[in-house]
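Engineer: If you read the sequences in order, they're chains A and B.
Residue numbering for the first sequence follows the numbering used here, starting at 1 and increasing by one per position.
Residue numbering for the second sequence follows the numbering used here, starting at 1 and increasing by one per position.
Note that these hints are calculated values from the structure, not bench results.
Treat the hints with care, since some could be wrong.
[Said to hold, decoys possible] Simulated crosslink set (DMTMM-like; lysine to aspartate or glutamate; CA at most 20 Å straight-line):
id: 1; chain 1: A; residue 1: K42; chain 2: B; residue 2: D422
id: 2; chain 1: B; residue 1: K340; chain 2: B; residue 2: E296
id: 3; chain 1: A; residue 1: K424; chain 2: B; residue 2: E555
id: 4; chain 1: B; residue 1: K421; chain 2: A; residue 2: D241
id: 5; chain 1: A; residue 1: K424; chain 2: B; residue 2: E556
id: 6; chain 1: B; residue 1: K81; chain 2: B; residue 2: D56
[Said to hold, decoys possible] Computed beta-carbon distance windows for the label pairs:
id: 7; chain 1: A; residue 1: D26; chain 2: B; residue 2: T404; range: 15 to 25 Å
id: 8; chain 1: A; residue 1: L243; chain 2: B; residue 2: E456; range: 19 to 29 Å
id: 9; chain 1: B; residue 1: M349; chain 2: A; residue 2: A80; range: 48 to 58 Å
id: 10; chain 1: B; residue 1: T402; chain 2: A; residue 2: V13; range: 32 to 42 Å
id: 11; chain 1: B; residue 1: G256; chain 2: A; residue 2: A25; range: 50 to 60 Å
id: 12; chain 1: A; residue 1: A353; chain 2: B; residue 2: G407; range: 42 to 52 Å
id: 13; chain 1: A; residue 1: H300; chain 2: B; residue 2: E456; range: 42 to 52 Å
id: 14; chain 1: A; residue 1: L364; chain 2: B; residue 2: N528; range: 11 to 21 Å
id: 15; chain 1: B; residue 1: D126; chain 2: A; residue 2: A371; range: 40 to 50 Å
id: 16; chain 1: B; residue 1: L548; chain 2: A; residue 2: P254; range: 53 to 63 Å
As the structure is a prediction and not an experimental result, all values here were calculated from the model.
Even glycine gets a Cβ: it sits at the ideal position worked out from N, Cα and C.
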Amino acid sequence: MAAPLTLLLVVAVTIRAALFRSSLADLIAERVEVVSPLNAWKRVVEGLALLDLGISPYSGDVFHETPLIIYLFHFLVDYAEITFMVSRKFVSSVLLESPRLCFRKQKYALEADRYPLDCLELIRSPKEMYYIPLKVAMFYLLNPFTILSCVAKSTCGLNNAVIALFILCTIKGSALLTHTLSLCLHHYPASFLFFLSFRLYIPVNIRRPSFWWYTLQYAFMYLGSLFVIICLSFFLLGTWDFLPSVYGFILSVPDLTPNIGLFWYFFAEMFEHFRLFFLCVFQINVFFYTIPLSIKLKEHPVFLIFMQLAVISIFKSYPTVGDIALYLAFLPVWSHLYRFLRNVFLVSCVLLACSALFPVLWHLWIYAGSANSNFYYAITLLFNVAQILLVSDYFYAYLRREYHLTHGLYLKRKDGSEATLVLK
Amino acid sequence: VCVCVCVCVCVCVCVCVWAVCAMCGCGRDDFQEELVIRPLHSGDIYASFQFRTVWDTDFMGGKKVSHYRLFPKSLGQVISKFSVRELHISFTQGYWRTMQWGQPFLPSPPGAELWVWFQDTVTDVDGTWKELTNVLSGIFCASLNFIDSTNTVQPSASFKPLGIGNVTDHRFLRYATLPREIVCTENLTPWKKLLPCGSKAGLAVLMKSEKLFHSSFHSQAVHIRPVCQDWQCKSTSWELRQTLNVVFDLHSSGQGKREWSLFKMFSRTLTEACPLASSSKIYIDVTDNPQGEQFELSPATPLLSQAVVLGDRRTYSVYDLTQQATFGSMRSLNMLLRWKSSDGECDMMRPLLHGERYVAGYGLQTGEIHTLMYNHHPYRAFPVLLLDTVPWYLRLYIHTLTVTSKGKDNKPSYIHYQPSKDRVRPHLLEMLVQLPPNSVTEVTVQFERALLKWTEYTPDPNHGFYVGSSVVSALVPSVVAMDTNSTQERPLFSSFFPSKEESSYFVRIYTEPLLVNLPTPDFSMPYNVICLTCTVVAVGYGSLYNLLTRTFQVEEPSPGLAKRLANIIRKMRGVPPL
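All chains, please: the whole structure from these sequences, using the hints.
Structural biologist: Laid out in structure tokens, this is it:
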């Protein structure tokens with residue numbers, strides 16, 4: 001296992017180093033699909049330059065990173081490339097660990113005798129599971145989206161690293177500080193922090209006092225570490241300007257720079273009267289699925305994390321391909337669901353076609369002037385529909401597998417003919 | 001007894017008049033008008049009108065000023081209501097070509113420009129500024145109501161007060177420019193109404209709009225400032241200057257013939273001076289024509305005057321309109337300048353400071369603003385102050401700012417940068433740059449173009465968005481000693497910018513405004529976009545809702561349509577179904 005992993009790391013580092021040194025690096029750093037106003041490297045450099053001039057980076061509308069990023073890059077700005085590559089390797093190694101740990105806690109192998117006999121082919125053998133961490137690392141490191149995001153030096157890589165660390169610690173069973181860290185670096189995971197941690201591996205029994213004791217403890221420590229980090233951010237610049245600049249910016253979407261998400265054109269064409277209403281609707285939509293998903297998937301926490309990550313990446317206000325790469329990296333973990341997936345071909349074709357069309361239609365709109373914004377918007381819509389299809393397809397396959405595990409794989413109707421399974 | 005009574009009555013009347021005068025606070029007021037005509041080397045002709053009213057009164061004092069004579073009441077009320085210390089407003093059509101025409105007497109940028117110093121008694125400067133712009137918009141029939149916080153800045157070093165006073169807190173200064181503003185007859189008419197004689201007598205009869213707006217450059221301005229009454233400066237009086245600069249083109253107004261007269265330029269001749277004016281003069285620049293070898297000036301005038309203006313000693317032929325003899329037997333004055341031959345022209349003195357600006361780059365995503373400043377002095381270097389106001393939708397990246405002179409990096413000694421806030425305020429960049437002698441200094445900064453909301457575009461969005469001119473202010477070294485004595489009687493055109501020292505004179509240069517295109521959304525699509533995006537969100541919601549709320553069940557197949565109908569009939573009959 002070590003040798004293929006080392007080979008993989010070497011290949012990934014080589015590709016990134018080659019791209020960093022080439023002239024493509026500047027081109028990629030300007031692509032709107034790869035960077036957004038929230039995580040562009042150009043804006044981090046601008047924020048540091050403003051700090052050097054003696055002006056607060058948050059006094060203008062260019063810099064929207066949390067003050068922790070200023071702390072980090074004040075010293076590391078010359079080593080930016082190495083920092084990003086290291087964070088990538090960190091993410092991949094963390095992602096390696098998670099499935100491994102997750103499978104160690106697999107209960108299926110122990111409870112194999114609970115299932116009907118014909119389900120044995122649904123259960124994965126340890127041999128298959130041996131290669132999954134490597135596949136996960138490969139999916140992440142060699143994903144073109146990840147490579148583009150790393151070469152553009154987008155801080156999305158750092159966000160992904162913290163989220164991956166959070167996932168690892170959650171699976172291990174201890175995950176307090178990473179919650180607050182990921183909140184501070186990346187606004188949206190706040191949604192699933194609360195609901196995940198104490199549902200995870202903790203039997204939820206409302207009547208038991210130890211559950212409430214644990215919740216109280218957890219909430220107290222969470223709020224305490226949140227408070228510490230916010231105060232640290234305050235003491236960097238001595239103002240609370242960063243709160244409206246970072247969190248207010250994510251929530252109120254004033255910057256309508258085109259990206260691969262749904263927000264920009266919607267709010268560019270929104271009637272002023274309804275702007276606040278639709279802003280609230282779209283932001284609630286991101287957090288809306290947390291509770292239902294946690295209730296439905298309370299016994300499958302890893303899949304819950306995957307679903308939550310995917311929903312946030314699709315519906316957030318400034319998505320980039322780096323966010324997509326993180327949840328795509330989880331797909332090899334569910335490779336056993338392949339037989340139940342219904343739209344694989346369609347989804348992969350649409351995703352590939354849209355990824356190819358994004359730069360073409362951008363060029364036609366912005367540089368050639370022969371297309372207009374509707375072309376790029378249409379591809380955005382298609383890309384998001386494909387992502388939604390992918391996520392719901394995996395969810396369907398997962399639920400179906402669970403059904404088959406309890407009711408048997410080859411189902412028969414009352415009269416003995418082959419049954420069809422529908423959602424009712 | 002009768003004599004005594006008469007004397008008493010007279011004394012009483014005099015006392016009463018004096019008391020009334022003292023009570024209403026009417027001080028001495030004085031009105032001067034002048035016209036300067038300067039032939040330019042390209043064959044065009046430059047005419048500059050200046051009308052100056054000086055009034056010894058105190059607008060800021062407790063008593064309300066109510067008796068207006070020469071000073072226009074609308075402006076007086078503006079000064080007292082908004083506690084204005086200095087007001088400078090200009091409306092310009094066209095761009096001043098410094099390299100072909102030399103330096104103007106009073107520079108102005110294309111469009112409308114307004115800068116105001118408020119008194120330090122004002123508590124809410126922004127609110128007062130907003131009211132002031134709206135009132136001025138009404139007075140001048142211009143759309144100055146478009147001045148709001150998104151194009152107003154507070155320069156920290158440029159635009160120091162031009163009148164007396166030692167308030168230097170820049171909190172009380174506001175500067176705004178509207179590069180898109182168009183100047184037309186509707187702006188000229190209220191401007192002419194502010195003059196004491198209106199457009200009925202004096203030099204103002206020449207201002208007819210059909211000729212004035214058929215020109216290469218037209219600029220009208222109003223400048224209000226407090227000045228010293230005498231050299232001891234124990235008391236101040238208010239000065240109002242109205243200036244109108246116009247450049248007539250050789251080919252479009254002059255029909256290609258190099259021969260200019262008052263009638264040809266303005267389609268009017270002068271018949272009398274303004275009776276309310278204490279001095280009414282016309283100056284013709286004859287420095288290049290000492291012996292009359294270049295052009296012939298008729299009617300001839302014996303009066304000659306010399307003045308040092310813009311670092312050059314110029315000679316002027318003077319026509320004094322207050323003398324009846326100037327108008328001759330025809331009772332009308334129509335000066336004629338006829339050029340003798342087109343060869344043998346001497347070189348115009350090269351302006352020492354010159355600026356240019358342009359946008360580089362391609363596409364609608366990014367761009368670069370280049371500002372070039374030329375120093376044509378052969379051996380002296382001098383510092384200049386560059387002021388740049390860029391609207392918020394062109395996001396400047398200050399870490400890409402480079403200043404190079406002669407190929408080498410030239411670090412500015414003072415940078416004041418205020419980043420923009422979306423939809424609230426623009427970028428403000430002020431720099432003090434040392435220009436090396438005989439060189440070009442290039443300032444470049446990169447920007448990114450923003451996509452605006454569809455309601456924020458103008459009705460013609462593909463025309464582009466204007467970026468106001470950069471302002472370059474400098475004290476340029478002068479070869480000729482400037483006149484620093486401010487009390488001497490000097491022509492108006494040489495006394496606008498006060499000279500503090502003899503070896504340099506103040507120059508303000510405005511660069512070209514920029515026209516920048518922004519990416520536009522499709523304006524016909526708001527309803528469609530809302531529907532389509534909500535559809536995609538609904539697709540996501542629908543799929544997840546189905547998967548979250550429904551469970552898998554084995555499906556009983558439903559029979560075909562015929563069988564179903566048969567079953568319904570059988571149920572009605574009470575017979576078991578098929």
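Engineer: Are any of the numbered hints broken by this structure? If so, which, sorted upward?
Structural biologist: 16
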